[in-house]
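> Throw the hints in and build the complete structure from the sequences for me.
Protein chains: 2
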Amino acid sequence: MLVLITYDVNTVSPGGKKRLRHVAKLCQRYGQRVQNSVFECIVDQTEFMLLKLRLKEIINHERDSLRFYKLGNQYISKVEHYGIKSSLDVEGPLIF
Amino acid sequence: MLVLITYDVNTVSPGGKKRLRHVAKLCQRYGQRVQNSVFECIVDQTEFMLLKLRLKEIINHERDSLRFYKLGNQYISKVEHYGIKSSLDVEGPLIF
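Chains as they are written, first to last, in UniProt numbering: chain W, 1 to 96; chain V, 1 to 96.
Treat each hint with caution, since some may be false.
Note that the list lumps identical chains together, so a pair holds whenever it fits in one copy or between two copies.
To be verified - Okay, derived cross-link-like pairs now, BS3-like style, lysine-lysine, Cα gap no bigger than 30 Å in a straight line:
1. Lys85 / Lys70
2. Lys52 / Lys18
3. Lys56 / Lys85
4. Lys25 / Lys70
5. Lys56 / Lys18
No lab work stands behind these hints, which were simulated from the structure alone.
Right, here's the structure in full:
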């Protein structure tokens with residue numbers, strides 16, 4: 001299934017940039033970074049549980065905000081994009 | 001239905017902050033700002049079309065990235081949150 005992960009971190013705060021790098025690195029194992037702090041991950045239930053556990057260990061719960069949106073397996077028609085694409089090949093892993 | 005809107009704008013670029021304010025103001029008519037550039041809007045199909053049209057007029061298509069995720073009507077179980085909440089009453093409009 002597609003899980004959208006949005007991560008709001010104050011990169012001016014101590015360690016904020018580092019946490020964003022960690023979150024990005026972990027999420028990119030399962031998918032792609034579509035915006036600076038938005039990640040689309042393709043995971044099964046087990047991977048989702050593990051990913052969530054690890055992300056919860058990385059973030060600062062008193063400073064950061066982390067949200068998950070489960071879009072299921074039929075997600076292609078649910079997503080629309082306008083404007084620039086990320087510098088990454090953002091659509092790559094989503095085309096099977 | 002719930003539509004998640006994520007907006008990536010370089011607020012250092014000319015007009016970026018202003019565009020973010022415009023996008024936020026418009027999205028907040030239909031829902032709430034859950035993160036700095038993430039908005040959850042409750043819209044019907046017509047409202048969604050209109051909102052999308054107006055947002056596409058605001059953004060800079062050569063600098064910004066705008067994404068829409070349609071989460072349908074049964075969205076409560078699809079969303080999870082960790083860490084701080086926005087300074088807004090982010091859950092407010094989603095409880096009926």
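> Next, verify each hint and record whether it holds.
To see whether the hints hold, each was checked on the structure:
no.: 1; hint: Lys85 / Lys70; in the structure: both (22 Å within a copy, 19 Å between copies)
no.: 2; hint: Lys52 / Lys18; in the structure: within (18 Å within a copy, 34 Å between copies)
no.: 3; hint: Lys56 / Lys85; in the structure: both (28 Å within a copy, 15 Å between copies)
no.: 4; hint: Lys25 / Lys70; in the structure: both (20 Å within a copy, 26 Å between copies)
no.: 5; hint: Lys56 / Lys18; in the structure: within (15 Å within a copy, 33 Å between copies)
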